[in-house]
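J.: Here is what each chain is made of, one letter per residue.
Protein chains: 2
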Amino acid sequence: MDVDFGNALASVAVTGVSEASLERLDRRVGRAHERIAAGIEDRTFGYASLALPEETDPTEIRTALEGFDPEAVVTVGIGGSALGAKTVTEALGCAGHHTLDNVDPVETARLLEELPLESTLVNVVSRSGTTAETLSNFLVVREAMTEAGVEWTERTVVTTGDSGPLRDLADRHDLPTCSVPEGVPGRFSALSAVGLVPAAALGCDIEAVLEGGAEGRQSLSPSLFETPAYAYGAVAYALENRGATTNAFVPYAEALEPLSEWFAQLWAESLGKDGLGQTPVRALGATDQHSQLQLYRAGRKDKLVTLLRPREREDVPIPDTDVDELSYLGGETLGGLLDAEFEATEASLAAADQPNVRLEIDRIDAESVGQLLYELEAACILVGELSGIETFTQPAVEWGKRAARGLLGGGEFEEAEAVEGKTSRRVE
Amino acid sequence: MDVDFGNALASVAVTGVSEASLERLDRRVGRAHERIAAGIEDRTFGYASLALPEETDPTEIRTALEGFDPEAVVTVGIGGSALGAKTVTEALGCAGHHTLDNVDPVETARLLEELPLESTLVNVVSRSGTTAETLSNFLVVREAMTEAGVEWTERTVVTTGDSGPLRDLADRHDLPTCSVPEGVPGRFSALSAVGLVPAAALGCDIEAVLEGGAEGRQSLSPSLFETPAYAYGAVAYALENRGATTNAFVPYAEALEPLSEWFAQLWAESLGKDGLGQTPVRALGATDQHSQLQLYRAGRKDKLVTLLRPREREDVPIPDTDVDELSYLGGETLGGLLDAEFEATEASLAAADQPNVRLEIDRIDAESVGQLLYELEAACILVGELSGIETFTQPAVEWGKRAARGLLGGGEFEEAEAVEGKTSRRVE
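Keeping their order, the protein sequence lines are chains A and B. The first sequence maps to residues 145 to 572 in the working numbering. The second sequence maps to residues 145 to 572 in the working numbering.
Keep in mind the hints are simulated off the structure, nothing from the lab. Certain hints may be false.
Where chains are identical, the list cannot tell them apart; a pair therefore holds if satisfied intra-copy or between any two copies.
Listed below are the simulated SDA-like cross-link pairs for lysine to any residue, each with C-alpha atoms no more than 20 Å apart in a straight line [claimed, not checked]:
1) Lys445 x Gly387
2) Lys445 x Arg386
3) Lys566 x Ala154
4) Lys445 x Val158
5) Lys545 x Gly308
6) Lys545 x Ser471
7) Lys445 x Leu420
8) Lys566 x Arg311
9) Lys545 x Gly480
10) Lys445 x Ser365
11) Lys445 x Arg546
12) Lys545 x Gly347
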């Protein structure tokens with residue numbers, strides 16, 4: 145990706161960062177880069193994520209999928225086990241990928257009714273093999289297939305860790321499997337089997353996604369002024385310290401909408417620690433100009449707005465009209481209108497003293513998307529280094545998991561008792 | 145809706161609000177209610193929104209739609225002209241509603257290819273009749289229909305103001321029309337033709353939606369302790385003043401996902417003014433427990449988390465399994481699991497000193513959804529009253545509109561020059 149942080153400079157926006165500050169920060173970026181590079185080299189926990197472009201073997205994925213030519217793929221997974229895969233297939237326009245990444249019974253039932261089960265590939269993803277939501281959905285899907293007379297063992301692929309109930313199940317039924325990579329937290333696993341199986345199953349070019357990731361790897365250097373990923377990370381960090389506790393992430397492309405969701409997990413789960421971390425806000429251009437822009441311009445000065453667009457896209461001409469007030473649109477294209485709105489919004493934020501950063505990719509294709517995912521991960525890891533937090537863990541989610549398990553009779557957990565003791569103050 | 149703000153009290157969370165403060169605040173709520181009630185009575189600009197359940201005539205909508213029995217409806221509109229309609233159809237499960245609420249050429253082309261144009265109803269919505277995105281998409285859709293041999297004038301319904309290009313067009317081609325209500329900003333128009341045409345065209349019970357709205361109207365009283373809408377608004381306001389500058393809105397139901405988007409516009413565009421306004425964050429339970437919960441528990445103490453669920457839903461049993469570690473799930477239901485996670489998450493937030501509010505509706509049906517929309521609007525209006533801002537305007541979005549128009553050659557605008565003068569600081 146290319147980064148333009150001109151509108152995040154203190155000379156443009158009062159809550160921006162000065163060039164001089166960034167130059168001082170760059171020394172810390174250099175040291176952070178050394179740690180990151182060593183972590184990649186040694187495949188240290190977490191940092192190993194940035195080694196995925198070389199570690200992931202597309203042949204392993206293709207082999208697991210041999211013999212399948214599904215009309216639809218349903219990924220049964222949640223969080224990092226679903227978002228990367230959804231992001232890749234949506235960005236590449238691989239039609240037919242569905243996700244069961246919630247336990248809403250209405251949605252699960254609806255999807256099972258809609259899917260052509262006899263030509264659907266079920267892609268179950270859970271590192272531990274015990275994720276309650278994923279396993280529950282899988283049990284439901286499996287039963288629905290059996291009831292529909294479809295042999296589920298012939299239509300299921302499993303991506304999991306080296307051991308656990310899903311691994312056992314795969315062994316017992318001789319199911320094709322892929323491995324969740326070692327040392328890579330779920331939200332950093334898009335460039336592994338976790339993120340690539342559905343795209344591969346639907347005929348997309350996962351090799352090019354990995355090549356894009358490898359280019360991202362090549363782009364890392366010890367200076368933010370020479371590394372787009374670090375430029376973005378360092379500016380986000382500097383702005384967070386200057387009060388931008390929110391990061392509104394606004395792609396100007398519908399195909400990148402799941403990327404916002406993926407980014408939101410990456411940012412929130414990695415950086416939301418020790419009372420720190422920007423709150424990621426998912427938005428979409430140009431749509432959210434008619435929803436969020438009022439707030440971004442006139443609300444609190446606590447935001448960084450990240451605007452992302454492809455430089456080229458397939459376009460659609462706007463037909464001429466004889467309506468005077470609209471004649472300026474005739475001869476334009478939808479893409480031209482979208483680009484004008486992108487630049488107008490960016491300038492309108494700057495004019496309101498609202499710092500913003502522009503990210504650009506050449507076009508939305510397999511290679512650029514692979515590189516973009518890689519570089520946003522590197523940006524996030526840099527912010528974690530600069531903030532001095534543990535980027536790769538998510539300890540705060542355990543409390544709720546234990547409580548839920550206790551409530552469902554899955555063991556004695558004191559957290560479940562806290563649920564029973566809730567303070568109520570009802571207005572009905 | 146029922147509101148439980150027990151977990152937002154200062155006795156539970158350090159950044160919460162005390163009962164004593166709320167009692168003092170209630171006097172201001174009483175005075176605000178007087179202004180709101182008088183505004184509704186007099187149909188004053190903005191407040192007129194809360195009169196829609198009595199003002200909207202479902203027969204006008206049904207008459208405009210006479211003779212149509214579409215397989216699909218495509219709403220061409222943006223912001224408030226699309227979100228309410230999307231929220232209603234999705235919540236009620238009216239299948240077949242699509243929206244063109246962006247000018248992404250790839251998405252517009254994809255949708256036009258997918259839709260059965262000969263049995264699609266085009267629903268164009270713009271109060272002014274000049275919204276660039278909407279009119280551009282409409283020109284493209286119209287041409288696509290003509291190219292497909294479909295007479296667009298026989299498959300188009302228009303919802304617009306009393307005058308403007310869309311009104312002229314409707315007159316010229318004798319198209320069926322509905323009116324955008326007077327005195328009602330787009331984001332408050334869900335309970336008018338703007339929000340109800342697609343649901344009506346797809347056979348849903350819009351009368352029940354309006355009845356729900358009317359119940360919301362009945363529920364308003366001068367005290368927050370007796371009015372769920374005001375309880376939610378007052379607590380949100382009190383928490384914003386205590387540092388909760390973010391409001392994460394988390395329905396535990398996929399069918400309510402567009403409601404989060406609708407809420408985000410309602411909250412951001414109404415309250416994002418004068419350096420105030422909570423930043424709405426769209427999230428979804430249980431999915432985002434595996435994405436955002438780490439941040440909500442361990443990040444900055446600058447959040448209110450709003451948890452919303454239906455008390456009843458169609459459920460799906462989880463089949464038994466012989467896997468020991470998962471046996472506790474057998475005999476449960478997906479809905480039971482979702483509810484356990486809802487309560488576990490709520491308690492886990494409280495245990496981390498993170499204020500949260502529970503909103504509940506009986507079930508997701510036309511009446512509850514109508515009432516919910518109404519009550520959230522009333523809550524928002526109350527926050528605006530308490531904050532002393534102009535809730536019903538959105539002046540900050542004009543700058544960008546002028547800039548974009550200037551860039552596209554639609555006139556001379558100094559804003560367009562500011563776009564050309566952007567400060568660049570690129571890293572590639």
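J.: All hints are to be evaluated individually against the structure, with a verdict given for each.
T.: Right, here's what the structure says about each hint:
1. Lys445 x Gly387: both (7 Å within a copy, 14 Å between copies)
2. Lys445 x Arg386: both (10 Å within a copy, 17 Å between copies)
3. Lys566 x Ala154: between (46 Å within a copy, 14 Å between copies)
4. Lys445 x Val158: Answer is within: at 9 Å inside a copy they meet the 20 Å cutoff, but 24 Å across does not.
5. Lys545 x Gly308: The answer is within: 18 Å in one copy meets 20 Å, while 55 Å across copies does not.
6. Lys545 x Ser471: Cα proximity of Lys545 and Ser471: across copies only (16 Å, versus 57 Å in one copy).
7. Lys445 x Leu420: Both: 17 Å inside a copy, 9 Å across copies.
8. Lys566 x Arg311: neither (38 Å within a copy, 55 Å between copies)
9. Lys545 x Gly480: Between copies, since 14 Å is at most 20 Å while 47 Å is not.
10. Lys445 x Ser365: Neither. Shortest intra-copy (32 Å) and inter-copy (35 Å) distances fail the 20 Å Cα cut-off.
11. Lys445 x Arg546: Close neither inside one copy (38 Å) nor across copies (23 Å); limit 20 Å.
12. Lys545 x Gly347: Neither, since 36 Å and 41 Å both go past 20 Å.
In terms of the numbered hints stated before, the structure departs from hints 8, 10, 11 and 12, listed from lowest to highest.
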